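Peer 1: Sequence:
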Amino acid sequence: VFFIIFGSFFTLNLFIGVIIDNFNEQKKKAGGSLEMFMTEDQKKYYNAMKKMGS
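4 is the number of the first residue of the sequence shown in our numbering; add one for each residue after it.
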């Protein structure tokens, strides 16, 4: 039973680690900004809010 639980947690941790690593690589390729996930309208809104805040 312990082996099954330990194996499950190890596999889940490994899977999540790969997903996070791939996300960080994509973010680094995009210049470190989260704007790569935004549509054009969202980018316009985000930039407008940044201008209003500064």
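Honestly, the hints are just simulated from the structure, not real lab data.
The structure displayed is predicted, hence computed values, not measured ones.
For each residue, glycine too, the CB sits at the ideal point set by N, CA and C.
One or more hints might be untrue.
PhoX-like cross-link-like pairs, simulated, lysine-lysine; straight-line CA separation at most 25 Å [said to hold, decoys possible]:
1. K32 to K47
2. K30 to K53
3. K46 to K32
4. K47 to K30
5. K31 to K47
6. K30 to K54
7. K53 to K31
8. K53 to K32
9. K46 to K30
10. K46 to K31
Beta-carbon label-pair distances, calculated as ranges [to be verified]:
11. N25 to K47: 27 to 37 Å
12. L15 to Y49: 27 to 37 Å
13. A33 to G56: 30 to 40 Å
14. K54 to G34: 13 to 23 Å
15. N50 to K30: 27 to 37 Å
16. I23 to K54: 26 to 36 Å
17. N25 to K46: 50 to 60 Å
18. K31 to M52: 17 to 27 Å
19. I7 to Q29: 29 to 39 Å
Peer 1: Would you mind marking each hint as holding or not holding in the structure?
Peer 2: Status of each hint after checking the structure:
no.	hint	result
1	K32 to K47	holds, 21 Å
2	K30 to K53	holds, 20 Å
3	K46 to K32	holds, 18 Å
4	K47 to K30	holds, 20 Å
5	K31 to K47	holds, 22 Å
6	K30 to K54	holds, 23 Å
7	K53 to K31	holds, 22 Å
8	K53 to K32	holds, 23 Å
9	K46 to K30	holds, 16 Å
10	K46 to K31	holds, 18 Å
11	N25 to K47: 27 to 37 Å	holds, 28 Å
12	L15 to Y49: 27 to 37 Å	holds, 34 Å
13	A33 to G56: 30 to 40 Å	violated, 22 Å
14	K54 to G34: 13 to 23 Å	holds, 20 Å
15	N50 to K30: 27 to 37 Å	violated, 19 Å
16	I23 to K54: 26 to 36 Å	holds, 32 Å
17	N25 to K46: 50 to 60 Å	violated, 23 Å
18	K31 to M52: 17 to 27 Å	holds, 25 Å
19	I7 to Q29: 29 to 39 Å	holds, 34 Å
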